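Asks: Spelled out from the first residue to the last, the chains are:
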Amino acid sequence: MIPADLKYTGQHEWLRLEGDIATVGITDFAQEQLTDIVFVDLPEAGRKVLVGDSVAVLESVKSVSDVYSPLAGEVVEVNTTLEANPQLVNEDPFGTGWMVKLKVANKAGLDKLMDSAAYQAYLDSANH
Amino acid sequence: MKKLPLHAWHQLRGAKAGEYAGFTMPLYYSQPLAEHKAVRDRAGVFDISHMGQFVCTGEKATAMLQYALANDVKSIGDGQALYSPLCKQDGGVLDDLIIYRYSPDRYRIIVNADTRQKDFNWLTALAGMFGVELSDLSAGQCLFAIQGPQAMALLAPHCGADPANLKFFGFMETTLFGANVFMARTGYTGEPGVEVSVALEDGLGVWESITEKLAIPPIGLVARDTLRLEPGYSLYGHELKEEWSPLESGIGWAVRLDVDDDFIGKEALFSLTGRGTDYLRAGLELIERGIPRADYPVTDGQQQVGIVTSGALSPTTGKSIALIRVQAPLAKPGTRLFVDIRGKPVEAVVVKLPFYVNPALRK
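Chains as they are written, first to last, in numbering that gives the first Met the number 0: chain A, 0 to 127; chain B, 0 to 362.
Calculated directly from the structure, the hints in this document are not laboratory data. In this text the structure is predicted, and so the values were computed from the model without any measurement. One should not assume that every hint holds.
Unchecked claim - Computed Cβ-Cβ distance ranges for the label pairs, DEER-style:
#1 Gly94(A) with Asp40(B): 57 to 67 Å
#2 Glu207(B) with Ala125(A): 25 to 35 Å
#3 Lys87(B) with Gly108(A): 50 to 60 Å
#4 Pro353(B) with Val63(A): 16 to 26 Å
#5 Gly94(A) with Tyr19(B): 34 to 44 Å
#6 Asp110(A) with Lys331(B): 52 to 62 Å
#7 Gly139(B) with Ala125(A): 54 to 64 Å
#8 Leu199(B) with Lys47(A): 32 to 42 Å
#9 Gly342(B) with Val75(A): 17 to 27 Å
#10 Asp277(B) with Ala125(A): 26 to 36 Å
All residues carry an ideal CB built from backbone N, CA and C; glycine is no exception.
Required output: the full structure, derived from the provided sequences and hints.
Replies: This is the structure we're talking about:
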């Protein structure tokens, strides 16, 4: 259920690092908690973000939630498909439901992210 | 935190729980959008046992309620219900409620959960003045709303009397799955349907018959909110507040200033009609992408002219909709306004209410 090749945050974002490009999304657990996503507010390409900055806003029927950047960098691509199809975040959170790609400025903070085993343990511990 | 009488059932059914008006309430059982659609397509059932229920009896019950409420209590007959604001002397809205007349000396009153105790204290003081008896039934009853285009037809074979014979805002005492119930042709979804009150001991049996035998899905509070927003119904605490009069809050139609009888708040409201209110409630539809939410500022592009009181992406129309409180001259349909969403002005237009209502609602 939890892909082994991704890194995870305590706020249920995932990150896939390929070279210096990081793809960011939210986990299956997060989408289930949020319920139906009906609107995704994405940043402009070119925006620079620091660790913990909001890189996207997800709105469910009832709530508004930020997606926080796990690393610092520059937004190089956003998943515009989500504008017309926000439900992809629910249907395929680890795949077509991704939100942004960052050109990573530096990898500071990468060691603070969890691997899939640690994230699974985190979910099981119910501390989230 | 108080629990609904059927709390354990909701929990077993996997409802996501949330707090509302001091109660642990089911927010959704499956997904809010699917629940919303179920009510618009066929039927759904809501456990609204958190709401307050009173009975008012006595020779002067009609006189007391006519004085307590802003609507014209004398305009209804036996077996009919009436929606009304309950106002303070200054015209501010203490609550919005529905009264049901059994006879001129006996009424049932259903009030909001959040305001139940406040209403009961307020009405008890009035009841004392009129020599009328007021009792709080809330703890002994379950209250369910069965709503949707098929709701009444699905219930009919299991009712002592056909709900289809009830007119909009009519009610009766009958049976449902063998239990004695109070059944009213009222609701909060813009769909035809009924609200049913049943004694605590019969609550679970009736609820399970509805959800299992009739396969009417239970609906949580999240869908209840989008279902009431589309027909433009006010929610106390959002569109209605003690600080605001009913005339500026979209329920001026339920205030009868033309009736001779006095009522609490009449003088204050009368003086408002002379000069007009500063603010009005209006419906708003976004032209650009975004979802308006409660408390977002409404601007004319320059400065703030109002506030969003409730907003959502309408599951039925797919449009972003909001109820707003706005400066009176800007409340006309067609007026271009902006909603400030996370610091960005998003263009919108004032539209006529409702956003959506089932044409069969009043049939």
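Asks: Work down the list of hints and note, for each, if the structure agrees.
Replies: Status of each hint after checking the structure:
In this structure, Gly94(A) and Asp40(B) break the distance hint of 57 to 67 Å, their C-beta atoms being roughly 30 Å apart. As the Cβ distance of Glu207(B) to Ala125(A) is approximately 31 Å, the hint placing it in 25 to 35 Å holds. About 55 Å separates the C-beta atoms of Lys87(B) and Gly108(A), a value consistent with the hinted range of 50 to 60 Å. At roughly 25 Å, the beta carbons of Pro353(B) and Val63(A) sit within the given window of 16 to 26 Å.
Between Gly94(A) and Tyr19(B) the C-beta distance comes to about 35 Å, which sits within the given range of 34 to 44 Å. Restraint check, Asp110(A) to Lys331(B): a C-beta distance of roughly 59 Å satisfies the suggested window 52 to 62 Å. Distance hint for Gly139(B) and Ala125(A): a CB-CB separation of about 37 Å, inconsistent with the stated range 54 to 64 Å. A beta carbon spacing of about 60 Å between Leu199(B) and Lys47(A) contradicts the range 32 to 42 Å that was offered as a hint.
Between Gly342(B) and Val75(A) the C-beta distance comes to about 24 Å, which sits within the given range of 17 to 27 Å. Hint check: Asp277(B) to Ala125(A), Cβ distance near 50 Å, so the stated range 26 to 36 Å is violated.
Comparing the model with each numbered hint stated earlier shows that hints 1, 7, 8, 10 do not hold.
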